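**Student:** In case you want the letters, here they are:
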Amino acid sequence: MKIMNCPLNGPRNIDEFVWMGDVKSAPDPACSDHEWTSYLFIEDNLAGEVDEWWIHAPSNNWFIARRNRLTDEILWTRNPADYFSAGKS
Amino acid sequence: MPLALLKYGLNAGYRDAPQLRWQPELKKNYDVIIIGAGGHGLATAYYLASRHGISNIAVLDKAWLGGGNTARNTTIIRANYLTPEGVAFYKESVELFRGLSEEVDINIMYSERGHFTLAHTDAAMRTARWRAEVNKHLGVDSEVIDADEVGRLCPTLNMSEDVRYPILGALYHPPGALARHDAVAWGYAKGAMARGVEVHPGTEVTGILKQGNRAIGIETDRGTIYAGKIIQAVAGSSSRVSALAGFRLPIKTIPLQACVSEPVKPILDQIVVSGSLHVYISQSARGEMVMGGATDPYGLYASRSTFDFKEGLMAHMLELFPFMAELRVLRQWAGIADMTPDFSPVMGLTPVENYYIDSGWGTWGFKATPVCGFRMAECVATGRQPDLLKPFALDRFHNFDLVGERGAASVGH
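Protein chains in written order, with the numbering used here: chain U, 1 to 89; chain W, 90 to 502.
Keep in mind that the hints were calculated from the coordinates and are not lab data. From a predicted model like this one, the values you see are computed outputs, not experimental measurements. In this text, a Cβ means the ideal position worked out from N, Cα and C, and glycines have one as well. Just so you know, nobody snuck in bad clues.
If you only want the chain W side, here are some residues facing chain U, beta carbon under 7 angstroms, derived:
#1 Tyr-387
#2 Tyr-390
#3 Phe-486
Stretch-level coverage of chain U by chain W, calculated; a stretch enters the list once three of its residues show a Cβ under 8 angstroms from a Cβ in chain W:
#4 21-34
#5 68-77
Below, in silico cross-link-like pairs of lysine to any residue (SDA-like), each with a Cα-Cα straight-line distance of 25 angstroms or less:
#6 W:Lys-96 x W:Asn-196
#7 W:Lys-151 x U:Asp-44
#8 U:Lys-2 x W:Thr-395
#9 W:Lys-399 x U:Pro-58
#10 U:Lys-2 x W:Trp-422
#11 W:Lys-151 x U:Arg-69
#12 U:Lys-2 x W:Phe-396
#13 W:Lys-479 x U:Ile-42
#14 U:Lys-2 x W:Arg-393
#15 W:Lys-151 x U:Ala-47
#16 W:Lys-151 x U:Asp-72
#17 U:Lys-24 x W:Pro-430
#18 W:Lys-399 x U:Asn-5
#19 W:Lys-479 x U:Glu-43
#20 W:Lys-479 x U:Trp-36
#21 U:Lys-24 x W:His-487
#22 W:Lys-399 x U:Ile-55
#23 U:Lys-24 x U:Thr-37
#24 W:Lys-479 x U:Ser-32
#25 U:Lys-2 x W:Met-403
#26 W:Lys-299 x U:Ser-38
#27 W:Lys-299 x U:Leu-46
#28 U:Lys-24 x W:Phe-489
#29 U:Lys-24 x W:Arg-329
#30 W:Lys-399 x U:Arg-12
#31 W:Lys-399 x U:Ala-57
#32 W:Lys-151 x U:Glu-43
#33 U:Lys-2 x W:Ala-347
#34 U:Lys-2 x W:Gln-421
#35 U:Lys-2 x W:Pro-386
Using the sequences and the hints, build the whole thing.
**Tutor:** See below:
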């Protein structure tokens with residue numbers, strides 16, 4: 001069983017979490033269609049360390065995890081407020 | 090074929106005929122370079138050489154021939170998709186598969202089994218009817234059958250109502266088939282190499298050379314080579330290779346796991362799938378129960394196996410086939426799949442001139458091998474997107490024209 005550390009609930013079975021994809025910022029809604037569709041559909045899909053949104057489904061708690069997509073390691077998990085106020089280190 | 094076999098059998102000499110003619114050295118220039126020596130890349134090379142007279146081709150692979158997802162799929166072939174675009178595409182693939190043993194002179198052990206997509210809910214029955222109607226309209230043999238008929242055609246299936254998800258009926262697709270995946274790759278390689286195509290395993294692409302927006306060559310760990318046209322067919326690494334060419338894709342890379350049981354005598358002739366339970370099963374020619382499910386719950390570039398996958402799969406599998414409780418798992422593995430938002434491939438022209446792509450092969454790549462090769466060859470030879478591939482062009486994502494193929498393997502609907 002793989003364990004993920006929820007910032008709110010502590011260590012839990014990874015089955016309880018839902019992967020929500022890369023942390024990325026939305027473009028200005030007045031941007032071009034191409035820019036908007038790129039934001040919606042096109043992925044960096046990096047093979048390495050990536051910051052991602054995750055949800056702990058039973059408590060509906062959204063948070064951010066840094067994960068290595070080559071090694072399947074979870075480096076850390078963090079509350080969004082801490083993540084965005086402390087910078088992205 | 091039978092006559093040739095008889096002649097060979099009666100020939101006292103049994104001369105040694107090497108199946109693959111290797112060229113050890115890389116040339117400096119090719120008409121076409123294909124990145125990825127899997128089924129798709131080799132099929133493209135084969136049809137370029139056999140149908141379009143282009144044989145100055147190098148097929149490169151960082152590992153070996155047919156060693157990626159070509160070797161890791163569960164070999165199911167069918168055309169009973171949901172969208173008209175998908176059905177027409179996979180129908181052509183089934184037709185090419187049927188003649189493939191003759192075409193490439195290797196027995197791919199094509200075996201029609203009948204394909205059952207079980208429905209456990211009214212919603213799934215409705216989708217089955219929808220798929221059957223689209224299929225019939227396009228000349229693909231599919232029909233909806235009720236639970237009695239499912240039990241009659243597939244007697245090993247547990248039709249009891251005392252289970253969590255009783256079977257209400259199924260989408261029955263008689264042409265559903267299995268084939269030897271390795272033989273498909275080797276057959277195309279053999280046919281292509283006999284026509285002068287070079288296959289270079291152990292050759293990793295490290296960069297794409299461009300002049301302005303035109304691709305002109307490739308940097309590899311064995312030196313730089315130049316080509317008039319370049320095709321990438323590297324499902325599992327599509328985003329990484331397209332990044333070398335300078336563009337991004339609508340792809341998330343997610344493992345897809347599978348496993349086989351120890352081999353037993355023939356007991357399951359059919360291919361059985363349940364979209365609601367996210368499982369599918371067939372029995373291979375050597376007796377192993379070949380089983381798989383949905384893609385992993387999160388993206389990853391590692392082909393590791395998990396206990397979670399097995400646990401989820403077996404819980405449902407034992408409900409469908411209780412006798413499987415007696416069987417042990419022999420092997421478990423994963424392939425690295427390209428998942429697109431609309432469960433359809435991304436094929437054809439790219440934003441880079443003279444650079445073509447065959448990607449987005451999530452859980453539906455093996456069954457498309459012949460049609461991909463056939464149509465990608467046409468695309469590259471003519472420089473235009475063939476009609477059959479137009480719905481799968483990369484620019485559909487920028488035109489809000491997604492395909493929405495929910496008939497893809499083990500995708501719930």
